[in-house]
Every structure is written in C-alpha cells, then in structure tokens.
Amino acid sequence: MTYPMKQTSFSDAEFASKKKLTRRERFLAEIEAATPWPALVAALLPYYPKGDGRGRPPMGLERMLRMYIAQQCFGLSDEGIEDAIYDSQSIRGFVGIDLTHESAPDATTLLKFRRLLEKHNLTRRIFDEINVHLASKGLVMREGTIVDATLIAAPPSTKNRDKERDSEMHQSKKGNDWHFGMKAHVGVDMATGLVHSVVGTAGNVADVTQTHALLHGGEKAVLGDAGYQGVGKRAENADKAIDWHVAMRPSVRKTLKKNSLGRATEKLEKAKASVRAKVEHCFHVVKCLFKHRKTRYRGLAKNNAQLFTLFGFANLVLARRFLGTVQSQVAS
2 MTYPMKQTSF
12 SDAEFASKKK
22 LTRRERFLAE
32 IEAATPWPAL
42 VAALLPYYPK
52 GDGRGRPPMG
62 LERMLRMYIA
72 QQCFGLSDEG
82 IEDAIYDSQS
92 IRGFVGIDLT
102 HESAPDATTL
112 LKFRRLLEKH
122 NLTRRIFDEI
132 NVHLASKGLV
142 MREGTIVDAT
152 LIAAPPSTKN
162 RDKERDSEMH
172 QSKKGNDWHF
182 GMKAHVGVDM
192 ATGLVHSVVG
202 TAGNVADVTQ
212 THALLHGGEK
222 AVLGDAGYQG
232 VGKRAENADK
242 AIDWHVAMRP
252 SVRKTLKKNS
262 LGRATEKLEK
272 AKASVRAKVE
282 HCFHVVKCLF
292 KHRKTRYRGL
302 AKNNAQLFTL
312 FGFANLVLAR
322 RFLGTVQSQV
332 AS
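Start counting at 1 in the sequence shown, then tack on 1, and there's your number in my numbering.
No wet-lab data here; the hints were simulated from the structure. There's no promise every hint is true.
As a list, the in silico SDA-like pairs of lysine to any residue whose alpha-carbon atoms are at most 20 Å apart [unchecked claim]:
id	residue 1	residue 2
1	K234	G218
2	K273	D244
3	K51	K120
Remember, predicted model here, so these are calculated numbers, not experimental data.
Build out the structure end to end from the sequences listed, making use of the hints.
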C-alpha cells in the first residue's frame, strides 16, 4: 500500500536536510528495505475489518502494521509508541504519518489491532511470511538445527490489581540463581543462524522436552547444550534419523583426564560450542536490540504471539549480512 504525496512541511524539509543520519534512522531504513510488505499485508488483509461506509473508516492496514512493528522493534508500550510518533520524525516517517494533515493512531487502536493478530494467530503468519521471503533470497533452512532456550523475566511483584503473580509463569533455576518468568525455545539454522521454530513455555519447563517442536523435519544433525542430554532417547525423538551433538555436562567435563583422549574430547566440545554460539545472535537481537528482557503481558498466549513477531524481525536484522547493504536490498 502506498500513501498519497502530501505537501512537505517546514519540519519535514529541515529533517531531510540535516547532515547526520542517526542510528534510529539507519535501523528503520534497514527494516523498511528488508521487510516483505506486500506479502505481510496480503496475509493479514482477509482478517482486517472493512469499513461499512457509515462510520469512520478503519485505519489503513499497512499503517497499523508499521506502527505495531515499530513498537516491537523499540520495545515500547501502546502509549509509548503513540508518543514516539509525535516525538520522533524518523518513526513518524516509517509509520507514514503527516501531523499537518492527520493524527497518529492512538494506543487503543493499536491495542485492538494487536488483539486481532492474537485472535487469528497472525503473528505466526508474519513469522512464516518473513521466512518464506528470506528463503526466496537464498537463505533456505538446511540440514542442521541448533536448539536452545532463553529465560524471559516476568514481574514477580504482587502489588497489582489481582494481588498475585502471573499464574502461567514459573520459577526456573539457572546456575545458583532463581528466575521467575517464561522460556523462549528456538530452533536455529546451523548455517545462517536464522530462527525457523519458536515455542514459548513457562520457565520451569525443561528444555529437552520441547526439542521435537523445534525441528523442521529435514535435519540430519542437531546441536544443543547440556540441557538436552538424553534427547535422542526420548520417545518423541526415537524414530528420527538424526545425529545428536549435545554438550557434555560441565561437571563431567571437569573430570576429563589430561591425556590424548581427554584433550581430543575437550577439543570436540569446544568445536561444538563454537557452532552453537550462533543461537545466541537471535537472543541478542530480541533482548538487547529490541529490549525484550521482560514479558509485557499476562499469560503465555499473548507473550507467545509476541515472540513470533520478535524472532521474525530478528531474522530480518540477522539476514542483513547475507542480503547486503540497505542500498542493495532496495535495488533488488
């Protein structure tokens, strides 16, 4: 969808003539160029409300999608992205708002749009459409998968309306520390580091129990950390012709003897760890770049829906090194 040309305001002209390109502008330009907008709009359009001609027509679908994406990429609340549109010329340009002629969609409108996505499982469609787009660029999911999970904290406080913590979140121990929240389990392509599978669970769910849900079916090899010990013996994986490369438990690794066999085993463990490191890249984008370190909503359903959007756009960010610069993406 394209918006009609509007008269350039003095603020727009001043913004366009400034000499420094900010990191936010570069980031939004990369997202603009890498996102398959026609495919995403076509996937959502059948579920988007049509105007009946009697009241105010619904806000344009692509504009709402852009507002939602900007919200996710900058880790903002509904009210926060509404304010950001008024405060930031770069976000305003990305969404397609001209304040001299119109107002930005308000937080309630975005809330209704997000609920529409959740109701029809459309964030999964967004994730899938992005991966189809990347596959069309040559970034296909190959024969190997890396599985891993990351903890996402949930508010532990009971100082809220219900006087209780989120009942669908649970405690999980990592090292000597306990964490309250959920887990995001991912299956990542061994060659590109792109995410092809996402599952969200409570924090107390063991990583190994979700392995079967993170495979695309064409794997010949799967890598995992020590939390996936015994994965090949589980009933749901017993019939799979897969080479399982699971890290040795740290306590066992410490007992390796300083002989040729021990040194060879240690070298193999380091080699497996260097390949598994690719899975951390998507977690870095989601938690550090998109600032998604804490759950934003109550319950697993809403948070799981958000994970598909976050990891879908994390794939676009990670794919930049394969797709080239913004200019080459625009040219293609």
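Hints, one by one, checked against the model:
1. Proximity of K234 to G218 is assessed by CA-CA distance (about 17 Å); at most 20 Å being required, the pair is judged to hold.
2. A threshold of 20 Å between alpha carbons decides the hint, and for K273 with D244 the separation of about 13 Å falls inside it, so the pair holds.
3. About 17 Å separates the Cα atoms of K51 and K120, which keeps this hinted pair within 20 Å; it holds.
No hint from the list above goes unmet by this structure.
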